[in-house]
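Make the complex out of the two chains shown on their own, each in a separate frame, by following the hints.
So the sequence lines, in the order shown, correspond to chains A and B. Just so you know, my numbering puts 75 at position 12 of the first sequence, and the rest follows in order with no gaps. Just so you know, my numbering puts 220 at position 63 of the second sequence, and the rest follows in order with no gaps.
Take these hints with a grain of salt, some might be off.
[As the list claims (entries may be wrong)] Heads up, incomplete: computed chain B residues facing chain A, CB under 8 Å, no partners named:
#	residue
1	V169
2	G199
3	Y205
4	E257
5	F260
6	G263
Hints listed in this document are in silico derivations from the structure and should not be mistaken for laboratory results. Cβ atoms here follow ideal geometry from the backbone N, Cα and C, with glycine treated the same way.
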Amino acid sequence: GDQVKQSPSALSLQEGTNSALRCNFSIATTTVQWFLQNPRGSLMNLFYLVPGTKENGRLKSTFNSKESYSTLHIRDAQLEDSGTYFCAAEAGPGNTRKLIFGLGTTLQVQP
Amino acid sequence: EAAVTQSPRSKVAVTGGKVTLSCHQTNNHDYMYWYRQDTGHGLRLIHYSYVADSTEKGDIPDGYKASRPSQENFSLILELASLSQTAVYFCASSDGGYAEQFFGPGTRLTVL
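If we strip away everything but chain B, and leave its shape as in the complex, we get (with noise of 0.2 Å):
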C-alpha cells in the first residue's frame, strides 16, 4: 500500500513568514506533487518533480518554491507567507507518468 506522509498537518504562520511543508513517501514513486485545495477550486498543482534534484512548475507556482533533495522527500516552501497562501496542502506520488498517483493526508495552513 502506498504510503505518503507529510508534516506539519496543521500550522499557522504569519504574513511575511517562511513556511516550509514536508513530504517523504516509502512507495520508491520517482514522481511527487504538490496540490492546493480551496473552497470551491478543487485541487491545483503548485510543483511537481519526476527525478530527485529537479523540480518543475505546475499550473499555479507563483509565491512557491519546491524542493526535491531525494527520491522521498519533496518539500514546498513559501518564502513569503500571504494571506492568499491559507489553505489545504496535499503532497502525492505516483510511479511515473500514467500511474495512479497516492496522496497524504493534506496540511491544513492558516496565514494570519
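Same shape as in the complex, but just chain A (with noise of 0.2 Å):
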C-alpha cells in the first residue's frame, strides 16, 4: 500500500452528487488500472490507462505520469456505484511485469 496511496480511504455520498478519488503513486508506473470491487466480492474493470484520460458514462479517469498521480470522478452517483475503488499501478521490466495494488477507497451512496 505505500507504493500506490488511495485516498480517501472511505467516502459517504448522497446520490446525485460527484466526487473524485485519488492515487498516488511512489513507483515508476506506465498504466494505471481501476478496479470496483462490488459488495458481493467481484473485481470490476473500470479503466486501463496510458497517461491521460477516458471517460466511461458517468465515469472518468486521469492518469498523469509526470506528477505520478490519478484520479476517478464519479458524476451523479448512484446507489449501484457503492464498493470499493482499487486503483493498481502497473510496473517492472520484461516479463516480470506486475500490478500494485492500492488499500481501497470504501464508497458508500446514500439515497
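Next comes the structure, spelled out in C-alpha cells:
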C-alpha cells in the first residue's frame, strides 16, 4: 500500500452528487488500472490507462505520469456505485511486470 | 468479454492439509496471476506465469506453489495450509505485459 496510496480511504455520498478519488504513486509506472469491487466481492474493470484521460458514462479517469497520480471522477453518483474502488499501478521490467494495488476507497452512496 | 473462472468458490481446509485452487481462462491470454486479498492489505501478488510450464514468484510466494500445465489453466497449491492463509484468492489473466488484467470471481479459503 505504500507504493500506491489511495485517498480517501472511505467516502459517503448522497445520490446525485459528484466526487473524486485519487491515487498517488511512489513508483515509476507506465499504466494504471481502476477496479470496482462490488459488495459480492467481484472485481470489475473500470479503466485501463496510459497517460491521459478516459471517460465512460458517469466515470472519468486521468493518469498523470509526470506528477505520479491518477484520479477517478464519479458524476451523479448512484446506489449501484457503492463498493470499494482500487487503483493499481503496473511496474517492473520485461516479463516481471506486475500490478501493485492500493488499499482501496470504500464508497457508500446514500439515497 | 474476458472469461476467468475459479474453483472452488469457497473452501474450508484444516491446518496442515493440502489445498489446490484452480483457475481457467478462455481468453487465449499468455499471462496468468494469483493474488490474495486480506482486509487492510488490498491485493498482493503470490505467483504469476507468462507461458505454460513456467511460473514466477510474486511478492508473497512463501507457503505457496503454482502450476501452469497449459495456457488456459493455472493452479495455486498450498502444501501445508496454515491459519495465516485464510483469505480470498483471485486469479487474473492478461494478454501480455502492459495489458489490462481480468479477474476471476475469487475463492474464499478458510483454514481452521
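Checked hints:
1. Checking V169 (chain B) against chain A: minimum C-beta separation of about 17 Å lies over 8 Å; hint violated.
2. Here the hint on G199 (chain B) is kept, as its CB sits about 4 Å from the closest CB of chain A, short of 8 Å.
3. About 7 Å separates the beta-carbon of Y205 (chain B) from the nearest beta-carbon of chain A, less than 8 Å, and the hint is met.
4. At a threshold of 8 Å, the smallest CB-CB gap from E257 (chain B) to chain A is about 4 Å, leaving the interface hint in force.
5. Among the interface hints, the one on F260 (chain B) holds; its C-beta lies about 4 Å from the nearest C-beta in chain A, closer than the 8 Å criterion.
6. With its C-beta approaching chain A no nearer than about 5 Å, G263 (chain B) sits inside the 8 Å limit, and its interface hint holds.
Going down the numbered hints, you'll see the structure goes against just number 1.
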